[in-house]
Amino acid sequence: MAANRSERRAFVARTGAVAAGVVSAGCLGWGNNSTGDAETDESEPVVDVAEATTNDTDPDTWASVSTVRLDAFVGGWVGVEPAHIDRVENPTLVLLEGREYEFTCENRDNVKHNLAIYDAAEEAVDELATGVVADRGETASLTVEATAEMTTYICEHQPVIQRGEIEVIDPDL
Numbered sequence: 001m002a003a004n005r006s007e008r009r010a011f012v013a014r015t016g017a018v019a020a021g022v023v024s025a026g027c028l029g030w031g032n033n034s035t036g037d038a039e040t041d042e043s044e045p046v047v048d049v050a051e052a053t054t055n056d057t058d059p060d061t062w063a064s065v066s067t068v069r070l071d072a073f074v075g076g077w078v079g080v081e082p083a084h085i086d087r088v089e090n091p092t093l094v095l096l097e098g099r100e101y102e103f104t105c106e107n108r109d110n111v112k113h114n115l116a117i118y119d120a121a122e123e124a125v126d127e128l129a130t131g132v133v134a135d136r137g138e139t140a141s142l143t144v145e146a147t148a149e150m151t152t153y154i155c156e157h158q159p160v161i162q163r164g165e166i167e168v169i170d171p172d173l
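Reminder that position 93 of the sequence shown reads as 93 in the UniProt record's numbering, one-by-one numbering, no gaps.
These aren't lab readings, by the way, just hints derived from the structure by calculation.
One should not assume that every hint holds.
[Unchecked claim] Derived CB-CB ranges, DEER-like:
(1) Asp170 x Asp109: 35 to 41 angstroms
(2) Gly131 x Thr67: 15 to 21 angstroms
(3) Pro159 x Ala63: 16 to 22 angstroms
(4) Ile161 x Asp119: 27 to 33 angstroms
(5) Asp172 x Asn110: 42 to 48 angstroms
(6) Thr143 x Ser43: 28 to 34 angstroms
(7) His157 x Glu97: 26 to 32 angstroms
(8) Ala124 x Glu167: 17 to 23 angstroms
(9) Thr147 x Glu44: 16 to 22 angstroms
(10) Gly137 x Leu173: 38 to 44 angstroms
(11) Asp119 x Val49: 16 to 22 angstroms
All residues carry an ideal CB built from backbone N, CA and C; glycine is no exception.
From just these sequences and the hints, can you work out the full model?
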């Protein structure tokens, strides 16, 4: 019995040491994967259905947009509509200040998702968030008026990897 107890202690100690080494070495894939070369450091999409990680942010391209549709995956948002964000992972959304927009998210992986609009301080803007969608195919929508304080859209259940930027521009410029 004493031998089993010491073997278990030794096993637990070795396992803990290995786990600590893996985490400290960064072998879990967390952290900055940047190569440091700005010219060639375009990241690849995490979500299989995504084809790109950048999209057209020219204000003229966004001038007639009033609806944004996003598919929700644990690895990130994938743009559906408008056409210039189709299959773009965590696309940058360009909104005209004062204009009303309808955001719709669709659950594509049976994991809990919602869509929330955040400001630069990482706080929800006026509590703007959809309800939770937990089942594949379930959708939730949110109608908002674009304001300058909007900087980010996130899923509050996966806020680190399921997030995209919002650029709110003055329509008179």
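Taking the hints in turn, this is what the structure says about them:
Checked against the hint of 35 to 41 angstroms, the C-beta distance between Asp170 and Asp109 comes to roughly 37 angstroms, which is consistent with it. For the hinted restraint 15 to 21 angstroms between Gly131 and Thr67, the CB-CB distance of approximately 19 angstroms keeps it satisfied. At roughly 30 angstroms, the beta carbons of Pro159 and Ala63 sit outside the given window of 16 to 22 angstroms. In this structure the hint that Ile161 and Asp119 lie 27 to 33 angstroms apart at CB is violated, the actual value being about 20 angstroms.
Roughly 44 angstroms separates the CB atoms of Asp172 and Asn110, a value that falls within the hinted 42 to 48 angstroms. At roughly 31 angstroms, the beta-carbon separation of Thr143 and Ser43 lies within the given 28 to 34 angstroms, and the hint holds. For His157 and Glu97, the Cβ-Cβ distance of about 29 angstroms falls inside the hinted range of 26 to 32 angstroms, so the restraint holds. Taking the beta carbon of each, Ala124 and Glu167 are about 18 angstroms apart, inside 17 to 23 angstroms as hinted.
With their beta carbons about 33 angstroms apart, Thr147 and Glu44 fall outside the hinted range of 16 to 22 angstroms. The beta-carbon spacing between Gly137 and Leu173, approximately 40 angstroms, falls within the hinted interval of 38 to 44 angstroms. Between Asp119 and Val49, the C-beta spacing of about 29 angstroms breaks the proposed range 16 to 22 angstroms.
When held up to the earlier numbered hints, the structure conflicts with 3, 4, 9 and 11 and fits the remainder.
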